[in-house]
Amino acid sequence: MKLKEIIDKLALTSLSNLEERDVQGVFISDMLSDVMTGAKPGNLWLTVQTHTNIVSAANLVDAAAVIVSHGKKVPENTIALANRYHVIILSSTKSTFELAAELIAIGLKNQ
Amino acid sequence: MPKTSCRHTWEMINIHYGFIVTEKCYTCEKISTYYSFEDRPPLDEYREGEHFWNVMESAQSFRFDFKCRACGQIVPFDELMGLMMCTGCDEECQVEKLQKKHAAERTWIYVAFGFLPTDEHRQLSREKISILEDFFNQRRKSSTSRIKIVSQELVKKYATCFGEVIKDVDMLSLKPSEGK
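Chains A and B, in that order, are what the protein sequence lines are. Residues 635 to 745 in the working numbering are what the first sequence spells out, letter by letter. Residues 53 to 232 in the working numbering are what the second sequence spells out, letter by letter.
For reference, chain A alone in the conformation it holds in the complex (with noise of 0.2 Å):
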């Protein structure tokens, strides 16, 4: 799926540069350990995280975009080295659980 189309379904705000990626799967964590040993390529990452390490850690693992739930503000340190390193940052004021649910409902699916 196109991560633009999953931008306009869910009504995501980006707050990145924005360019189309293929999204391949969900990944759900807010730690790093987890992103860097469970995350595959092409994952949307969905956390509450906002420090700039979730940008060395997405563009590590490949994750199409990181998604920040719950309406949690970005710092703008982590958005400059966002657009630094070609990551997306989206957000959203829902929770991790209804944009999950969502994304299911679109036809995404973990991993």
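Misleading hints may appear alongside valid ones.
Stated by the list, open to error - Calculated cross-link-like contacts (lysine-lysine; reagent style DSS-like; alpha-carbon spacing at most 27 Å):
| id | chain 1 | residue 1 | chain 2 | residue 2 |
| --- | --- | --- | --- | --- |
| 1 | A | Lys674 | B | Lys200 |
| 2 | A | Lys674 | B | Lys76 |
| 3 | B | Lys119 | A | Lys674 |
To be verified - Derived list of chain A stretches under chain B, where covered just means 3 residues or more per stretch with a C-beta under 8 Å from a C-beta of chain B:
| id | stretch |
| --- | --- |
| 4 | 662–672 |
| 5 | 685–694 |
The set of hints was computed from the structure by calculation and includes no laboratory data. C-beta atoms are modelled at their ideal positions from N, C-alpha and C, and glycine is treated no differently.
Put chain B on the given structure of chain A with help from the hints.
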């Protein structure tokens, strides 16, 4: 490591969660890091010979080894403390220079860190850094970008470097969600 004709395809095995503990001796200011597999990282100060160690930071992280899916070769990675992405904090740093050189082709530079002090711990060999790089690039099927991993020797000054090792520390947000 023995030479082989196998074109290795690496997978992570033996994944163990634990803590990277950073401590400092308050008499000589020496900094030391080590990996703890305990459920809770140690907090107490202690004396070791002439050193009086105080814990500066404990961060959750993980350790692993690599295994080749084709030939079964296992390569332990217990020298690796963590990986750090360059944030471009110092234009004179070799890592930043490399990042600028490769940015247009979307090759991203990460620094592989070993444990401190570097002269007391075995550090990652070039061969192992190459394996680490191969692992992350072999999985990048959905992207046109590449990962390049370099040795910590290229960091100009570790003490003033703003790059952050990927680990679970300082991750708590003190701000409530917007509008709540």
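Exercise for the section: Report holds or violated for chain B covering the stretch 685–694 of chain A, Cβ cut-off 8 Å, minimum 3 residues. Expected result: Holds: 8 residues of the stretch 685–694 of chain A have a Cβ under 8 Å from chain B.
Problem - Claimed coverage, the stretch 662–672 of chain A by chain B - three or more beta carbons nearer than 8 Å - result: Since 6 is at least three, the answer is holds.
Handout entry: Restraint status (C-alpha distance of lysine 119(B) to lysine 674(A) at most 27 Å)
Key = holds (18 Å)
Exercise for the section: Sort out whether lysine 200(B) lies within 27 Å of lysine 674(A), counting only the CA atoms. Expected result: holds (19 Å)
Practice task
Could you grab the alpha-carbon distance between lysine 674(A) and lysine 76(B) and see if it respects the 27 Å cut-off?
Solution key: Judged against 27 Å, a Cα distance of about 37 Å means the pair is violated.
Checked against the numbered hints above, the structure violates only hint 2.
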